[in-house]
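Residue numbers (numbering that gives the first Met the number 0), protein chains in the order written: chain A, 0 to 658; chain B, 0 to 163.
Derived from the structure by calculation, the hints contain no laboratory data.
It should be emphasised that the depicted structure is a prediction, and the values quoted were computed from it without experimental measurement.
One or more hints might be untrue.
So the derived label-pair ranges between C-beta atoms look like this [claimed, not checked]: (1) Ala19(A) with Asp134(B): 16 to 26 Å; (2) Lys654(A) with Met127(B): 40 to 50 Å; (3) Gly150(A) with Ala88(B): 55 to 65 Å; (4) Lys631(A) with Leu86(B): 25 to 35 Å; (5) Ser493(A) with Asp83(B): 27 to 37 Å; (6) Leu108(A) with Arg155(B): 45 to 55 Å; (7) Pro265(A) with Pro59(B): 35 to 45 Å; (8) Asp48(B) with Lys317(A): 38 to 48 Å.
When the alpha-carbon atoms are kept at most 20 Å apart in a straight line, the in silico SDA-like pairs for lysine to any residue are as follows [what the hints assert, rightly or not]: (9) Lys131(B) with Asp33(A); (10) Lys41(B) with Asp9(A); (11) Lys25(A) with Ala161(B); (12) Lys143(B) with Lys547(A); (13) Lys25(A) with Lys64(B); (14) Lys25(A) with Ala88(B); (15) Lys497(A) with Ala161(B); (16) Lys496(A) with Leu117(B); (17) Lys639(A) with Val613(A); (18) Lys547(A) with Leu117(B); (19) Lys64(B) with Thr132(B); (20) Lys547(A) with Ala161(B); (21) Lys547(A) with Asn584(A); (22) Lys547(A) with Glu149(B); (23) Lys314(A) with Arg274(A).
From the structure, some residues in chain A lie toward chain B, with a derived Cβ separation under 7 Å [what the hints assert, rightly or not]: (24) Val12; (25) Arg13; (26) Arg24; (27) Ser26; (28) Val30; (29) Cys31; (30) Leu45; (31) Val47; (32) Leu48; (33) Phe52; (34) Gly262; (35) Gly263.
Note that beta-carbon positions come from the ideal geometry of N, C-alpha and C, so glycine has one too.
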Amino acid sequence: MASLESLTEDLLVRIYKGLASDGDRKSWRLVCRDFHRIDALTRSSLRVLRVEFLRSLLANYPRLDTLDLSVCPRIDDGAVAVLLTSRGSPWAFPRAASSSLSPPGRDPLAWTRGLRKLVLSRSTGLGHHGLEQVIRACAYLESVDVSHCCGFGDREAAALSCGARLREVKMDKCLGVTDVGLAKIAVGCGRLEKVSLKWCMEIGDLGVDLLCNKCVDLKFLDLSYLKVTNDSLRSIGSLPKLEVLALVGCSLIDDTGLQFLGGGCPLLRVIDMSRCNGISSCGLISVAKGHEDLVQLNASYSLTECSSILLRCFKDLKNLNAIKIDGARVSDSAFKALSNCTSLVEIGLGKCIGATNLGLMRLVSGCVNLRVLDLTCCHSITDAAIFAISDSCRNLTCLKLESCNMITEKSLYYLGSFCLLLEELDLTDCGGINDTGLEYLSNCLELSCLKLALCPTISDKGLGHIASKCRKICEIDLYRCNGIGDDALAALSSGCKKLRRLNLSYCSDVTDRGMEYLGQLEELWDLEMRSLFNVTGVGLMALAAGCKRLADLDMKYCENVDDSGFWALAYYARNLRQINLSHCNISNMGLCMVMSNLTRLQEAKLVHLNKVTVEGFELALRTCWVRIKKVKLLAALRFKLSSDVRETLHSRGCKIRWD
Amino acid sequence: MSSSPPPSSAAASPSCPKKMIALRSSDGETFEIEEAAALQSKTLENMIDEDCAGTPIPLPNVTGKILAKVVEFCSKHAEPGVDDESLRAWDAEFVNVEQATVFDYILAANFLEIPTLLNLTCNVVADMIRGKTPDEIRKFFNIKSIFSPEEEEEVRRENHWAFE
Numbered sequence: 000m001a002s003l004e005s006l007t008e009d010l011l012v013r014i015y016k017g018l019a020s021d022g023d024r025k026s027w028r029l030v031c032r033d034f035h036r037i038d039a040l041t042r043s044s045l046r047v048l049r050v051e052f053l054r055s056l057l058a059n060y061p062r063l064d065t066l067d068l069s070v071c072p073r074i075d076d077g078a079v080a081v082l083l084t085s086r087g088s089p090w091a092f093p094r095a096a097s098s099s100l101s102p103p104g105r106d107p108l109a110w111t112r113g114l115r116k117l118v119l120s121r122s123t124g125l126g127h128h129g130l131e132q133v134i135r136a137c138a139y140l141e142s143v144d145v146s147h148c149c150g151f152g153d154r155e156a157a158a159l160s161c162g163a164r165l166r167e168v169k170m171d172k173c174l175g176v177t178d179v180g181l182a183k184i185a186v187g188c189g190r191l192e193k194v195s196l197k198w199c200m201e202i203g204d205l206g207v208d209l210l211c212n213k214c215v216d217l218k219f220l221d222l223s224y225l226k227v228t229n230d231s232l233r234s235i236g237s238l239p240k241l242e243v244l245a246l247v248g249c250s251l252i253d254d255t256g257l258q259f260l261g262g263g264c265p266l267l268r269v270i271d272m273s274r275c276n277g278i279s280s281c282g283l284i285s286v287a288k289g290h291e292d293l294v295q296l297n298a299s300y301s302l303t304e305c306s307s308i309l310l311r312c313f314k315d316l317k318n319l320n321a322i323k324i325d326g327a328r329v330s331d332s333a334f335k336a337l338s339n340c341t342s343l344v345e346i347g348l349g350k351c352i353g354a355t356n357l358g359l360m361r362l363v364s365g366c367v368n369l370r371v372l373d374l375t376c377c378h379s380i381t382d383a384a385i386f387a388i389s390d391s392c393r394n395l396t397c398l399k400l401e402s403c404n405m406i407t408e409k410s411l412y413y414l415g416s417f418c419l420l421l422e423e424l425d426l427t428d429c430g431g432i433n434d435t436g437l438e439y440l441s442n443c444l445e446l447s448c449l450k451l452a453l454c455p456t457i458s459d460k461g462l463g464h465i466a467s468k469c470r471k472i473c474e475i476d477l478y479r480c481n482g483i484g485d486d487a488l489a490a491l492s493s494g495c496k497k498l499r500r501l502n503l504s505y506c507s508d509v510t511d512r513g514m515e516y517l518g519q520l521e522e523l524w525d526l527e528m529r530s531l532f533n534v535t536g537v538g539l540m541a542l543a544a545g546c547k548r549l550a551d552l553d554m555k556y557c558e559n560v561d562d563s564g565f566w567a568l569a570y571y572a573r574n575l576r577q578i579n580l581s582h583c584n585i586s587n588m589g590l591c592m593v594m595s596n597l598t599r600l601q602e603a604k605l606v607h608l609n610k611v612t613v614e615g616f617e618l619a620l621r622t623c624w625v626r627i628k629k630v631k632l633l634a635a636l637r638f639k640l641s642s643d644v645r646e647t648l649h650s651r652g653c654k655i656r657w658d
Numbered sequence: 000m001s002s003s004p005p006p007s008s009a010a011a012s013p014s015c016p017k018k019m020i021a022l023r024s025s026d027g028e029t030f031e032i033e034e035a036a037a038l039q040s041k042t043l044e045n046m047i048d049e050d051c052a053g054t055p056i057p058l059p060n061v062t063g064k065i066l067a068k069v070v071e072f073c074s075k076h077a078e079p080g081v082d083d084e085s086l087r088a089w090d091a092e093f094v095n096v097e098q099a100t101v102f103d104y105i106l107a108a109n110f111l112e113i114p115t116l117l118n119l120t121c122n123v124v125a126d127m128i129r130g131k132t133p134d135e136i137r138k139f140f141n142i143k144s145i146f147s148p149e150e151e152e153e154v155r156r157e158n159h160w161a162f163e
């Protein structure tokens, strides 16, 4: 009789590959030795949480092609040196001789040859020496991400340029990199296909020109927020294979530059020119006329007006999938022109002046394939428009109606009747909706993200309807929903088991009882609970003990939580990565426990902790200075903290913000 | 697995009789299957192309009980004009059997190289595993080999703290 054990290894691998969730794969590897081995031989990607496990994990997983160290604290030159030494046992804990979990004799550096993608984002402790060592050791590396390593500069860029096989480099927010550094990368990594340099403000036209000259295979380029001018666009126009270009917030480019683009980059499909004050419809027309295969066009907050010639151009773009013209003035003729682009799947009309019911009805009569529609701050639309939208666009998955305060429960009735594929709905500040509306909305069983911030008219009853039917909910925003209390949380805890993100800030009716319900949500990962003054240490303890995956917690102004709660947090919330304790009544001891015990904590906001003395801060910061990456402190502390602490934090790459 | 040559285009008109292939199971039972259905199996496809499909093809790894169902599966999937949704429903019914039978299907689909059946059955087992704790998985599949206490502690520690 066949059993699971009669299957060969390759069949078990097939079954293992059918398990998509991390939880299932972890359960699998804990079942028996054979399953553990299958996991070790098949797993190709790892996100390491603690540096003490790193070496043994790398020795155990020979087929890794992706290594993510972005949430691993204490990644620095020393850690890299230890990783790359071939001597000594990689296993931190002595293993029984009979253990078959990891056969001896396997080369502990085999992982360097298999690695293709390395994520070192936010690894602020790493220096150019360590970076160069790891790039040189991983000779086949194709993709590296060092984004948000704000201290990185030209020396680190030079280290990256040692990766001759690199195809993808992400250096967003590496603030110290200049044209010199970029030039080194351009010369050293000739095969680059994807480069992201968002916020690297020191880079200018010179660097971009060299990059475009040397890396002719570039397919993806992100120069958002850089002070590049039209000259850069001339260089970019010469790139024959460019498909995706992002120039968000490039305020120095204008229509002349866009003309260069219009005549070049024959394969361009996606262009993002949002927040570029210098461009106008003219420039966009030259881009649109030159690229009939354009798929996505984002000009949010760049245009004041969409001229009729521009709109007529859109009709010729047969593959146009997504267009965003947020912030522009739109007329009825604009909607008529857009309605001719039946291929459109996503339209952004946030803050568009002149968006009326009639215009929208016209739009959706043509664009029936719409799935994503952003109508944020389109104040004049009413239920009639929503009826037209729901009736025409049955495939709607995402609808944003923030500040559309004329919308009532009737709109939710239409959505609940016609748009059954709806996954995301933003009703922030929609004062006209109520509990009955939420009852109608609960027919949308695919709903996963629901934003109800600033809706004082909804209560526990309405949320109860949603929680009982919409089982796929992952994210709910109830910021300042005064009508919400413990009963809503009871409903959520029993109905929405997949809830990951929750915002309860200023829902002051929530008490410890509500927190206990929240403790039953095992997937909860991000919780904002500002100013819940009815919650005490008892509540926080229940939350911490139950929500083991909690990584992000904002409890600013929760003044009635006492130390017993913070001790529980320090003990249970081992996965916490970011915390905001500002204005909480935590004591010296409590703060010390929290900062020292939570070994994954990387960002902390500790402003206005009235019960913590200077010595308390000193001690707390000393316990965590090896791994903390960002901390916000009261400005008055600046001159009271010892220079010892400040210097060490600075040398480890930790950013201190003084409030 | 050698790459198989493209299947012969057998556009049988209604008047021509459909070519049948004979298969013999490990316990001596013989089954007939249409050529079009047999082409779902890469193993059988290779044999047909190499013209070895004259006498009943012996399949020593598959019992009669399982072979009957595999023939049924291949015939259903070779039927023209069946829409996706009803085929999916039929598939769901097909694998609604006891555990041991699903494993027999997997082994047969592997031996006969039938990708559709192999994917279907492996996904069924993955579904059975989804959401279960390690203990529940062991009990459900009657798995006997386990870890030593130290090994289990180490794997548990890694699961909890080391990575995601």
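Going down the list of hints, with the structure as the test:
no. : hint                                 : verdict
1   : Ala19(A) with Asp134(B): 16 to 26 Å  : 21 Å, holds
2   : Lys654(A) with Met127(B): 40 to 50 Å : 48 Å, holds
3   : Gly150(A) with Ala88(B): 55 to 65 Å  : 59 Å, holds
4   : Lys631(A) with Leu86(B): 25 to 35 Å  : 58 Å, violated
5   : Ser493(A) with Asp83(B): 27 to 37 Å  : 35 Å, holds
6   : Leu108(A) with Arg155(B): 45 to 55 Å : 27 Å, violated
7   : Pro265(A) with Pro59(B): 35 to 45 Å  : 59 Å, violated
8   : Asp48(B) with Lys317(A): 38 to 48 Å  : 43 Å, holds
9   : Lys131(B) with Asp33(A)              : 18 Å, holds
10  : Lys41(B) with Asp9(A)                : 18 Å, holds
11  : Lys25(A) with Ala161(B)              : 11 Å, holds
12  : Lys143(B) with Lys547(A)             : 31 Å, violated
13  : Lys25(A) with Lys64(B)               : 36 Å, violated
14  : Lys25(A) with Ala88(B)               : 31 Å, violated
15  : Lys497(A) with Ala161(B)             : 23 Å, violated
16  : Lys496(A) with Leu117(B)             : 32 Å, violated
17  : Lys639(A) with Val613(A)             : 7 Å, holds
18  : Lys547(A) with Leu117(B)             : 37 Å, violated
19  : Lys64(B) with Thr132(B)              : 33 Å, violated
20  : Lys547(A) with Ala161(B)             : 15 Å, holds
21  : Lys547(A) with Asn584(A)             : 23 Å, violated
22  : Lys547(A) with Glu149(B)             : 24 Å, violated
23  : Lys314(A) with Arg274(A)             : 24 Å, violated
24  : Val12                                : 10 Å, violated
25  : Arg13                                : 5 Å, holds
26  : Arg24                                : 10 Å, violated
27  : Ser26                                : 5 Å, holds
28  : Val30                                : 5 Å, holds
29  : Cys31                                : 5 Å, holds
30  : Leu45                                : 5 Å, holds
31  : Val47                                : 5 Å, holds
32  : Leu48                                : 6 Å, holds
33  : Phe52                                : 4 Å, holds
34  : Gly262                               : 45 Å, violated
35  : Gly263                               : 42 Å, violated
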